[in-house]
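J.: Read off the chains here:
Protein chains: 2
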Amino acid sequence: MSNFDYQQIDDVIHSRIRTAVMAVLVSVEEAEFNFIKEKVNATDGNLSVHIKKLEDAGYLTVKKNFVDRKPVTRYKLTSKGYKAFEKYIANLESIIKGK
Amino acid sequence: MSNFDYQQIDDVIHSRIRTAVMAVLVSVEEAEFNFIKEKVNATDGNLSVHIKKLEDAGYLTVKKNFVDRKPVTRYKLTSKGYKAFEKYIANLESIIKGK
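Taken in order, these protein sequences are the chains called U and D. Here the working numbering is used: position 46 in the first sequence is 26, and no number is missing along the way. Here the working numbering is used: position 74 in the second sequence is 54, and no number is missing along the way.
Any given hint could turn out to be false.
Only pairs whose alpha carbons sit at most 27 Å apart, straight line, appear in this in silico DSS-like list of lysine-lysine [to be verified]: (1) Lys67(D) to Lys67(U); (2) Lys67(D) to Lys17(U); (3) Lys77(U) to Lys17(D); (4) Lys17(D) to Lys32(U); (5) Lys33(D) to Lys33(U); (6) Lys17(U) to Lys32(D); (7) Lys44(D) to Lys32(D); (8) Lys77(D) to Lys32(D); (9) Lys77(D) to Lys77(U).
To be clear, the hints were calculated from the coordinates, so they are not data collected in a lab.
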């Protein structure tokens, strides 16, 4: 197997917004929608679509509750998400270094 | 500007096959189509499309000539391509590290 094999790169993560969202979530315990949105500089609709894709892959969980009667949505990486991101970085590093 | 800003990631490079092709080309002086194809594990059609996109961005040049009457196509990164790949890696590293 070649070390440049593109199929080794996790397609769920290797999209610009999703890469950025995963990077935000590994850096914090959990994050609200607006926090992520500001960090990755995405629009609401675009971010929602990409978060859904990460959720469908089992890489993050969504918690909805109310704070002062306002709905708050929080996102958190799952252990599967952590592992996938670690593997993604390791694969990308090995591809970039050509090892 | 947030360091997680996804728009900092070069969209031309941040596609699985194109990331792999760029990684192959930075590791060699120049490469033939079949060499790249084997390295990145892509199909002919798929690889052609992605190479064209990199060519259109000015990231690689194509040289066609004949060796023993057989057509040989060689690809080489341009200095623009080198710089773009270096910047891509640097951006991705800073996003991943959240710095």
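J.: With reference to the structure, classify each hint as holding or not holding.
T.: Hints, one by one, checked against the model:
1. Between lysine 67(D) and lysine 67(U) the CA atoms are separated by roughly 22 Å; this keeps the pair inside 27 Å, and the hint holds.
2. A C-alpha spacing of about 24 Å is found between lysine 67(D) and lysine 17(U), which places the hinted pair at or below 27 Å, so the restraint holds.
3. Using a Cα cut-off of 27 Å, the hinted pair lysine 77(U) and lysine 17(D) holds, with the two alpha carbons roughly 18 Å apart.
4. With a CA separation close to 33 Å, the supplied pair lysine 17(D) and lysine 32(U) exceeds the 27 Å bound.
5. Between lysine 33(D) and lysine 33(U) the CA atoms are separated by roughly 26 Å; this keeps the pair inside 27 Å, and the hint holds.
6. Pair hint lysine 17(U) plus lysine 32(D) does not hold up; C-alpha atoms about 33 Å apart against a cutoff of 27 Å.
7. Distance hint between lysine 44(D) and lysine 32(D) is fulfilled; the C-alpha atoms sit about 14 Å from each other, no more than 27 Å.
8. Using a Cα cut-off of 27 Å, the hinted pair lysine 77(D) and lysine 32(D) is violated, with the two alpha carbons roughly 32 Å apart.
9. Distance restraint check for lysine 77(D) and lysine 77(U): the Cα-Cα separation of roughly 18 Å lies within the 27 Å cut-off, and the hinted pair is therefore satisfied.
Hints 4, 6, 8 from the earlier list are contradicted by this structure; the remaining hints agree with it.
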